[in-house]
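> Following the hints, put chain P in place on chain C, whose structure we already have.
Protein chains: 2
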Amino acid sequence: MGPGDDCAVLPATRGQLCLTTDALMEGVHFSRPAFSLEDVGHKALAVNLSDLAAMGAKPAWFLCALALPHSFSERDVLALAKGMQPLARKHRVQLIGGNITSAKKLSLTLTLGGYTPAPLLRSTAHALDAIYVSGTLGDAACGLAHIDGKRLSAALRYCVQAQRRPNPCVELGLLARKFASAAIDISDGLLQDLAHLLKASRVGAELGAAYLPLSTALRQMPRPRALKYALHGGEDYQLLLTVPARKRRAFEVACRRAGHPVTHIGDVTKKRALLLDGKPVAAKGFIHF
Amino acid sequence: MGPGDDCAVLPATRGQLCLTTDALMEGVHFSRPAFSLEDVGHKALAVNLSDLAAMGAKPAWFLCALALPHSFSERDVLALAKGMQPLARKHRVQLIGGNITSAKKLSLTLTLGGYTPAPLLRSTAHALDAIYVSGTLGDAACGLAHIDGKRLSAALRYCVQAQRRPNPCVELGLLARKFASAAIDISDGLLQDLAHLLKASRVGAELGAAYLPLSTALRQMPRPRALKYALHGGEDYQLLLTVPARKRRAFEVACRRAGHPVTHIGDVTKKRALLLDGKPVAAKGFIHF
Chain C
14 MGPGDDCAVL PATRGQLCLT TDALMEGVHF SRPAFSLEDV GHKALAVNLS DLAAMGAKPA
74 WFLCALALPH SFSERDVLAL AKGMQPLARK HRVQLIGGNI TSAKKLSLTL TLGGYTPAPL
134 LRSTAHALDA IYVSGTLGDA ACGLAHIDGK RLSAALRYCV QAQRRPNPCV ELGLLARKFA
194 SAAIDISDGL LQDLAHLLKA SRVGAELGAA YLPLSTALRQ MPRPRALKYA LHGGEDYQLL
254 LTVPARKRRA FEVACRRAGH PVTHIGDVTK KRALLLDGKP VAAKGFIHF
Chain P
14 MGPGDDCAVL PATRGQLCLT TDALMEGVHF SRPAFSLEDV GHKALAVNLS DLAAMGAKPA
74 WFLCALALPH SFSERDVLAL AKGMQPLARK HRVQLIGGNI TSAKKLSLTL TLGGYTPAPL
134 LRSTAHALDA IYVSGTLGDA ACGLAHIDGK RLSAALRYCV QAQRRPNPCV ELGLLARKFA
194 SAAIDISDGL LQDLAHLLKA SRVGAELGAA YLPLSTALRQ MPRPRALKYA LHGGEDYQLL
254 LTVPARKRRA FEVACRRAGH PVTHIGDVTK KRALLLDGKP VAAKGFIHF
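As given, the protein sequences belong to chains C and P, one line each in that order.
The number in the numbering used here is simply the position in the first sequence, starting from 1, with 13 added.
The number in the numbering used here is simply the position in the second sequence, starting from 1, with 13 added.
Note that these hints are calculated values from the structure, not bench results.
Note that the coordinates shown come from a computational prediction; the quantities given were computed from them, not determined experimentally.
All the given hints hold, so there is nothing to weed out.
Lysine-lysine pairs mimicking DSS-like chemistry, simulated, CA-CA at most 25 Å apart:
| # | chain 1 | residue 1 | chain 2 | residue 2 |
| --- | --- | --- | --- | --- |
| 1 | P | LYS292 | P | LYS241 |
| 2 | C | LYS118 | P | LYS117 |
| 3 | P | LYS117 | C | LYS117 |
| 4 | P | LYS260 | P | LYS284 |
Chain C stretches covered by chain P per the calculated footprint, using a threshold of three residues with CB under 8 Å from any CB of chain P:
| # | stretch |
| --- | --- |
| 5 | 57 to 69 |
| 6 | 104 to 116 |
For glycine and all other residues, C-beta sits at the position ideal for the given N, C-alpha and C.
With the rest of the complex left out, here is chain C:
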């Protein structure tokens, strides 16, 4: 049953239910007109799908709580919906309810539910597991820095698009259930999110800077700046996965066949430290406050 009653109603199911809620606020997560309403709709759904992806859960439904300024028109609401629709269709996630309230600033708080026979967790990585990331790193942070730029190169426009329209790794999350020992999505920067996973698993890691997957824009900029984006830049919504050594080859083959680029960037260590090229690094990423 969908909208119309006081609650949405879902039938009983067999798998475990994974739940996530994430908000997008004007002036905090996006500004206008750097973001169109379609971008905002897309991104609100994408960041929540990314959380389900990190659990290896198959998205099923979402609730959408909107806080709308008085100036907001029906057409504006439709623009938000239009931004969500392709992503919702692609991942077969259904809007089953929500809430609308007025507010000074636009915000969207989505709650997504998905199902999995066995969720991927942060706390189950082991020493000697290989650390993989999907896609390329730092593009969204680079895109944010150039979002108001004019006459950008194609490589920078790609980064701006990565900021506006992140692409959650839902299929990779589902595929990874067979191979990965632990997972997290990279929303606050590689080092910070990796540090969360390492802490939960009570292990450490060694990374090699040379292995970090970078897009054209980052490869073309001075190395220190590119590394800053790749290590600390937020909002990439790529997946970080740890894979036991014995499953690495099968995992890489499966990813290649399915068309999901993944890169081996380092390994989990027993010693609880985070090393980059042999040196300790601080896990600073995006600071929310």
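Quick look at chain P alone, frame taken from chain C:
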């Protein structure tokens, strides 16, 4: 599994899952210091519990998305939690996850889940069913009008408390599953919410003004003002239930035994009109915009 991973995880269950999401925004739903942070925490949970109550669902868990101003301290967050705790405990609903973001104004968006073998709906009322409401009507709206008042009478203080700390009718909703044909919670005013139910069920109703249950404060004020509050005042979070004639007596006995005051205020009619004392009335309640 609770907070710590990218999602909360729940085991498979047999009942149907009812889901609701509702937001409380500073400057829209509450102002400070008329509301303490404890009031805000309580009310955010209460309004969502009320939606579950209207479906006859047993509350199970909630997600809490907070948007916090920069000035907000850890102590302030604890005050919100302190406001939620007694209600969460009473109804055995567990915080399983959430989100925190910064914002100009404080807001809370909660998502609650509850289970029921068979949800109460709005669309299943029938002609000749009796219409019941729980508690008394219009107190919260009256309380809002007096929220900044000094030296209020005990009766008005009761109304202010009804505005600040609404009491969701969770147990009544569970009890009503055996008796009611349809249900809705009264959040936007009796007439408006009744109109929603009537429209969904394709029926009408006749109400008697003399039957409306009023608290001391409303009984003491001029009759037109009391009726305005009782018919159109929002935020009471009482339940409106329709009960088939053959179950009325058993329903009333069960409510009396369980200590839930309910009042028969009118009846469902085949004719699709909303009549008060024989005259058509407009279903205006709280207008969100």
